[in-house]
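Participant: Here's the letter readout for the chains.
2 protein chains.
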Amino acid sequence: MREIKVGVIGAGVVGSSVIKILQENQELISNRIGARLIPTKAVVKDLTKKRDINIALSDDINFILEDESIEIVIELMGGVEQAFEVAKKVLEKNKSLVTANKAMLAYHRYDLQKIKKNHPIGFEASVCGGIPIIKALKDGLAANHILSLRGILNGTSNYILTQMIQNAMSFDDALKQAQILGYAEADPTLDIDGSDAGHKLLILASLAYGIDAKPQDIIIEGIEKINASDIAFANEFGFVIKLLGIAKKIDNEIELRVHPVLIDKDKMIAKVDGVMNGISVVGDRVGETLYYGAGAGGDATASAVISDLIEIARGKNSAMLGFEKSDNSLKLRDKGKIQSRYYIRLSAYDKTGVLAKISSILSKNNISIQAFLQKQAKDGIAKLLFTTHISQESSIHNALSEIDSQDFIESKSFFIRIDE
Amino acid sequence: MREIKVGVIGAGVVGSSVIKILQENQELISNRIGARLIPTKAVVKDLTKKRDINIALSDDINFILEDESIEIVIELMGGVEQAFEVAKKVLEKNKSLVTANKAMLAYHRYDLQKIKKNHPIGFEASVCGGIPIIKALKDGLAANHILSLRGILNGTSNYILTQMIQNAMSFDDALKQAQILGYAEADPTLDIDGSDAGHKLLILASLAYGIDAKPQDIIIEGIEKINASDIAFANEFGFVIKLLGIAKKIDNEIELRVHPVLIDKDKMIAKVDGVMNGISVVGDRVGETLYYGAGAGGDATASAVISDLIEIARGKNSAMLGFEKSDNSLKLRDKGKIQSRYYIRLSAYDKTGVLAKISSILSKNNISIQAFLQKQAKDGIAKLLFTTHISQESSIHNALSEIDSQDFIESKSFFIRIDE
Ligand SMILES: NC(=O)c1ccc[n+]([C@@H]2O[C@H](COP(=O)([O-])OP(=O)(O)OC[C@H]3O[C@@H](n4cnc5c(N)ncnc54)[C@H](OP(=O)(O)O)[C@@H]3O)[C@@H](O)[C@H]2O)c1
Ligand SMILES: NC(=O)c1ccc[n+]([C@@H]2O[C@H](COP(=O)([O-])OP(=O)(O)OC[C@H]3O[C@@H](n4cnc5c(N)ncnc54)[C@H](OP(=O)(O)O)[C@@H]3O)[C@@H](O)[C@H]2O)c1
Numbered sequence: 001m002r003e004i005k006v007g008v009i010g011a012g013v014v015g016s017s018v019i020k021i022l023q024e025n026q027e028l029i030s031n032r033i034g035a036r037l038i039p040t041k042a043v044v045k046d047l048t049k050k051r052d053i054n055i056a057l058s059d060d061i062n063f064i065l066e067d068e069s070i071e072i073v074i075e076l077m078g079g080v081e082q083a084f085e086v087a088k089k090v091l092e093k094n095k096s097l098v099t100a101n102k103a104m105l106a107y108h109r110y111d112l113q114k115i116k117k118n119h120p121i122g123f124e125a126s127v128c129g130g131i132p133i134i135k136a137l138k139d140g141l142a143a144n145h146i147l148s149l150r151g152i153l154n155g156t157s158n159y160i161l162t163q164m165i166q167n168a169m170s171f172d173d174a175l176k177q178a179q180i181l182g183y184a185e186a187d188p189t190l191d192i193d194g195s196d197a198g199h200k201l202l203i204l205a206s207l208a209y210g211i212d213a214k215p216q217d218i219i220i221e222g223i224e225k226i227n228a229s230d231i232a233f234a235n236e237f238g239f240v241i242k243l244l245g246i247a248k249k250i251d252n253e254i255e256l257r258v259h260p261v262l263i264d265k266d267k268m269i270a271k272v273d274g275v276m277n278g279i280s281v282v283g284d285r286v287g288e289t290l291y292y293g294a295g296a297g298g299d300a301t302a303s304a305v306i307s308d309l310i311e312i313a314r315g316k317n318s319a320m321l322g323f324e325k326s327d328n329s330l331k332l333r334d335k336g337k338i339q340s341r342y343y344i345r346l347s348a349y350d351k352t353g354v355l356a357k358i359s360s361i362l363s364k365n366n367i368s369i370q371a372f373l374q375k376q377a378k379d380g381i382a383k384l385l386f387t388t389h390i391s392q393e394s395s396i397h398n399a400l401s402e403i404d405s406q407d408f409i410e411s412k413s414f415f416i417r418i419d420e
Numbered sequence: 001m002r003e004i005k006v007g008v009i010g011a012g013v014v015g016s017s018v019i020k021i022l023q024e025n026q027e028l029i030s031n032r033i034g035a036r037l038i039p040t041k042a043v044v045k046d047l048t049k050k051r052d053i054n055i056a057l058s059d060d061i062n063f064i065l066e067d068e069s070i071e072i073v074i075e076l077m078g079g080v081e082q083a084f085e086v087a088k089k090v091l092e093k094n095k096s097l098v099t100a101n102k103a104m105l106a107y108h109r110y111d112l113q114k115i116k117k118n119h120p121i122g123f124e125a126s127v128c129g130g131i132p133i134i135k136a137l138k139d140g141l142a143a144n145h146i147l148s149l150r151g152i153l154n155g156t157s158n159y160i161l162t163q164m165i166q167n168a169m170s171f172d173d174a175l176k177q178a179q180i181l182g183y184a185e186a187d188p189t190l191d192i193d194g195s196d197a198g199h200k201l202l203i204l205a206s207l208a209y210g211i212d213a214k215p216q217d218i219i220i221e222g223i224e225k226i227n228a229s230d231i232a233f234a235n236e237f238g239f240v241i242k243l244l245g246i247a248k249k250i251d252n253e254i255e256l257r258v259h260p261v262l263i264d265k266d267k268m269i270a271k272v273d274g275v276m277n278g279i280s281v282v283g284d285r286v287g288e289t290l291y292y293g294a295g296a297g298g299d300a301t302a303s304a305v306i307s308d309l310i311e312i313a314r315g316k317n318s319a320m321l322g323f324e325k326s327d328n329s330l331k332l333r334d335k336g337k338i339q340s341r342y343y344i345r346l347s348a349y350d351k352t353g354v355l356a357k358i359s360s361i362l363s364k365n366n367i368s369i370q371a372f373l374q375k376q377a378k379d380g381i382a383k384l385l386f387t388t389h390i391s392q393e394s395s396i397h398n399a400l401s402e403i404d405s406q407d408f409i410e411s412k413s414f415f416i417r418i419d420e
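Taken in sequence, the protein lines are chains A and B.
Residue numbers for the first sequence follow full-length UniProt numbering, so the first one is 1 and each next one is one higher.
Residue numbers for the second sequence follow full-length UniProt numbering, so the first one is 1 and each next one is one higher.
Just so you know, not all the hints are guaranteed correct.
For identical chains, the list gives no copy identity; a pair is met inside one copy or between any two copies.
Derived lysine-lysine pairs resembling DSSO-like cross-links, with alpha carbons at most 27 Å apart [what the hints assert, rightly or not]:
{"hint": "1", "residue 1": "Lys-325", "residue 2": "Lys-20"}
{"hint": "2", "residue 1": "Lys-20", "residue 2": "Lys-248"}
{"hint": "3", "residue 1": "Lys-249", "residue 2": "Lys-375"}
{"hint": "4", "residue 1": "Lys-248", "residue 2": "Lys-271"}
{"hint": "5", "residue 1": "Lys-5", "residue 2": "Lys-325"}
{"hint": "6", "residue 1": "Lys-20", "residue 2": "Lys-265"}
{"hint": "7", "residue 1": "Lys-117", "residue 2": "Lys-5"}
{"hint": "8", "residue 1": "Lys-383", "residue 2": "Lys-89"}
{"hint": "9", "residue 1": "Lys-214", "residue 2": "Lys-117"}
{"hint": "10", "residue 1": "Lys-325", "residue 2": "Lys-114"}
{"hint": "11", "residue 1": "Lys-5", "residue 2": "Lys-316"}
{"hint": "12", "residue 1": "Lys-351", "residue 2": "Lys-412"}
{"hint": "13", "residue 1": "Lys-249", "residue 2": "Lys-20"}
{"hint": "14", "residue 1": "Lys-316", "residue 2": "Lys-117"}
{"hint": "15", "residue 1": "Lys-20", "residue 2": "Lys-176"}
{"hint": "16", "residue 1": "Lys-316", "residue 2": "Lys-93"}
{"hint": "17", "residue 1": "Lys-88", "residue 2": "Lys-271"}
{"hint": "18", "residue 1": "Lys-249", "residue 2": "Lys-357"}
{"hint": "19", "residue 1": "Lys-20", "residue 2": "Lys-378"}
{"hint": "20", "residue 1": "Lys-114", "residue 2": "Lys-316"}
{"hint": "21", "residue 1": "Lys-116", "residue 2": "Lys-316"}
{"hint": "22", "residue 1": "Lys-331", "residue 2": "Lys-357"}
{"hint": "23", "residue 1": "Lys-383", "residue 2": "Lys-316"}
It should be emphasised that the hints constitute simulated quantities derived from the structure, not laboratory data.
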């Protein structure tokens with residue numbers, strides 16, 4: 001049986017799982033592909049750390065790069081620029097590359113694709129861990145124009161929101177609990193401010209639309225400002241709140257955005273709870289398909305890494321980002337052009353004339369109210385919660401900045417888009 | 001750009017969609033694969049029928065088989081033996097084969113695989129239409145031992161059950177409505193008696209376990225006997241009723257079965273409603289992943305057919321059933337060995353001593369009752385509805401056949417397994 005030697009750069013949470021699964025499920029995997037995938041070497045930063053993996057180790061990347069017997073290199077060290085440098089060297093050495101590094105791909109996926117055309121590069125693990133969503137977009141749905149894609153792409157923030165919704169926890173308590181359970185890092189910034197979901201959305205958007213955008217080009221908002229009033233309002237009106245990554249085709253433009261949404265409780269994606277991820281994809285022919293599973297964790301992510309090794313071993317040959325020929329007719333849509341219904345929370349000193357003033361600012365900006373809830377004033381401060389009919393994002397920004405400048409406003413307004 | 005000529009045998013619901021999508025989404029597809037997929041010929045049974053497809057037609061299969069310019073043949077004529085004969089000829093002519101024919105594959109998938117080793121054969125469309133579940137099992141989850149797989153594999157029966165549950169329709173009315181909406185055929189037998197789901201389960205079981213079983217080897221039960229009492233009981237105890245195809249690994253044996261189940265309302269798969277399909281797969285490394293989408297319909301099924309064409313065009317090379325080397329250590333588990341909780345419905349004449357007799361028969365067979373509901377007697381007939389603790393399937397059969405032979409029994413007992 002043919003032997004394929006594999007080098008692993010980075011043997012942390014994911015890397016050590018990859019090595020173990022290749023060793024423990026080796027017979028299953030060789031039965032499936034008719035070849036043996038053998039992890040022969042790994043590289044780490046700190047050689048003195050205790051590890052329970054059984055493999056030759058070094059802290060020098062050349063240990064793997066200069067080894068001609070190694071055919072496939074897996075990059076699992078994390079970071080952006082340094083990982084990109086490593087990835088380039090892997091390709092220059094004519095080795096196949098597999099990576100789980102969504103941050104690096106959010107910036108450099110097109111750079112990598114350009115280095116060597118039709119050179120095997122696998123990145124299934126970079127989006128939603130164990131869910132084979134990359135293969136679904138690249139192969140399974142390849143006959144379809146993708147009309148839209150909406151995903152719960154970050155397990156940490158989904159866990160926090162679920163705790164807030166189902167167990168009435170505060171944001172801070174839910175975050176603490178996520179940290180205790182190992183669902184959130186000591187520094188959870190990238191998870192809760194939407195950045196991590198943004199990285200993944202950009203990768204998916206390349207597969208769906210061939211569109212090259214960077215994190216700074218799109219709307220990325222997190223879940224930090226959501227509070228109990230928002231959750232209660234959503235519940236009252238049949239919604240849940242989720243952090244979604246959304247890609248949508250409108251004429252020849254693509255809307256890309258990551259932000260919390262109010263979403264109808266009965267939608268399938270609204271039912272993706274806890275630390276799980278889910279992605280709904282609508283194709284022009286297939287209609288809606290949805291994919292659900294663990295988005296992170298060593299073993300789930302390693303399962304995806306190994307599926308890439310298997311595809312490479314099987315000799316599958318396709319362009320990294322799913323397009324042999326890029327279709328340049330699709331452009332990123334201007335952020336201000338977004339149209340949506342909005343949920344808005346205002347906090348105002350309880351005076352007469354407040355409502356009249358707010359209404360007049362809204363109507364001047366062509367925003368009409370759909371549902372309204374005023375919470376009884378407490379300490380002289382009233383909470384005004386309402387939803388709008390379909391409005392233009394730029395009008396909402398204009399109206400809210402005028403409202404926020406009024407002297408009766410107690411604290412800055414907050415809005416959440418409503419997803420339909 | 002390379003041109004790949006495609007022949008379509010059977011231009012009915014699916015075949016005509018395939019031809020249209022290849023023509024209408026041609027630019028997208030060639031951008032993706034760097035080759036042009038061109039449907040050049042189709043074969044039908046009745047040349048006099050009116051069709052709105054634009055392709056050369058014949059009623060002679062040799063029109064395609066003898067055409068040396070055709071590289072890929074799509075079999076979409078349906079049936080079992082005749083389709084198998086056609087498929088064999090396609091392979092003998094050294095053409096690649098794509099099929100959506102689950103009935104044929106349920107009987108002949110191993111025969112086909114044997115004819116030509118490593119010859120491209122695509123069958124993504126044979127299970128759950130537009131959901132790329134074949135690729136998920138063959139590639140995406142290939143690093144995993146599959147612990148279990150449970151699927152709502154038939155949209156017609158799921159539609160009927162959903163109507164019964166959500167709108168309190170009778171089975172007959174729900175079936176009639178399914179027929180009016182085009183979700184059920186004039187003769188719906190294969191959909192409601194579980195056969196169609198059985199065919200699909202066997203295909204999935206080959207991919208997950210490499211296990212060769214035929215429809216007659218496994219339990220296949222349909223939804224015809226479910227009535228309003230069952231639905232109401234399930235609802236009362238927090239369950240919904242779904243027709244599931246289940247494959248489960250227990251030690252070195254594989255349990256395969258299709259039957260209605262009572263399933264916890266809160267499980268993700270319990271939320272797959274209406275005509276949609278859903279499959280939950282549990283891998284030893286990835287945990288649970290779930291796939292959801294349209295299981296049938298011309299365009300959704302055609303989307304899957306074309307994904308196979310695309311894989312073939314990309315030169316992917318892997319064993320048809322996902323295993324290069326078959327793992328013969330897994331055996332089909334004996335039907336009587338199933339262990340489950342059961343829901344049981346009895347209908348008895350309202351006499352004294354009935355409950356005592358039933359209880360004694362159950363306890364003699366080591367079956368203990370968990371929850372019990374007796375409906376008030378109507379016309380002297382009492383309905384006894386109850387669930388059991390975990391019991392052996394063979395004990396249930398023994399107990400129920402003894403109970404059914406009692407003279408106080410008004411009509412044959414009915415049971416539904418409870419899925420956990
Ligand atoms: N964890 C998940 O669930 C998950 C899910 C999806 C994707 N990912 C992605 O997978 C990648 C790895 O994540 P992880 O959670 O496994 O990270 P991790 O546990 O922090 O592991 C990183 C590994 O890389 C090594 N490393 C870091 N910098 C290095 C350098 N300059 N030279 C050599 N080795 C270096 C570290 O060495 P030491 O062991 O000596 O510190 C460690 O072994 C990241 O890109 C992450 O975004 C992770
Ligand atoms: N429909 C779905 O949603 C769906 C979903 C998944 C899988 N499938 C599978 O896909 C296959 C096709 O289904 P379908 O719904 O498209 O069936 P269909 O509408 O009945 O079409 C069958 C086609 O095959 C032709 N045909 C039948 N026998 C033939 C023969 N002996 N020689 C030449 N042509 C013959 C028919 O010709 P005429 O047009 O002249 O009658 C017709 O064009 C079946 O295996 C089915 O199980 C269907």
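Participant: The structure should be examined with respect to each hint, and the outcome stated for every one.
Facilitator: Outcome of the hint check:
no.: 1; hint: Lys-325 x Lys-20; result: between (38 Å within a copy, 22 Å between copies)
no.: 2; hint: Lys-20 x Lys-248; result: between (39 Å within a copy, 24 Å between copies)
no.: 3; hint: Lys-249 x Lys-375; result: neither (38 Å within a copy, 55 Å between copies)
no.: 4; hint: Lys-248 x Lys-271; result: both (21 Å within a copy, 25 Å between copies)
no.: 5; hint: Lys-5 x Lys-325; result: between (32 Å within a copy, 20 Å between copies)
no.: 6; hint: Lys-20 x Lys-265; result: neither (40 Å within a copy, 36 Å between copies)
no.: 7; hint: Lys-117 x Lys-5; result: both (23 Å within a copy, 26 Å between copies)
no.: 8; hint: Lys-383 x Lys-89; result: neither (57 Å within a copy, 73 Å between copies)
no.: 9; hint: Lys-214 x Lys-117; result: within (21 Å within a copy, 45 Å between copies)
no.: 10; hint: Lys-325 x Lys-114; result: within (12 Å within a copy, 37 Å between copies)
no.: 11; hint: Lys-5 x Lys-316; result: both (18 Å within a copy, 21 Å between copies)
no.: 12; hint: Lys-351 x Lys-412; result: within (17 Å within a copy, 73 Å between copies)
no.: 13; hint: Lys-249 x Lys-20; result: between (41 Å within a copy, 22 Å between copies)
no.: 14; hint: Lys-316 x Lys-117; result: both (14 Å within a copy, 17 Å between copies)
no.: 15; hint: Lys-20 x Lys-176; result: neither (31 Å within a copy, 54 Å between copies)
no.: 16; hint: Lys-316 x Lys-93; result: both (20 Å within a copy, 24 Å between copies)
no.: 17; hint: Lys-88 x Lys-271; result: neither (40 Å within a copy, 45 Å between copies)
no.: 18; hint: Lys-249 x Lys-357; result: neither (37 Å within a copy, 66 Å between copies)
no.: 19; hint: Lys-20 x Lys-378; result: neither (57 Å within a copy, 63 Å between copies)
no.: 20; hint: Lys-114 x Lys-316; result: both (19 Å within a copy, 22 Å between copies)
no.: 21; hint: Lys-116 x Lys-316; result: both (16 Å within a copy, 19 Å between copies)
no.: 22; hint: Lys-331 x Lys-357; result: neither (39 Å within a copy, 75 Å between copies)
no.: 23; hint: Lys-383 x Lys-316; result: neither (58 Å within a copy, 59 Å between copies)
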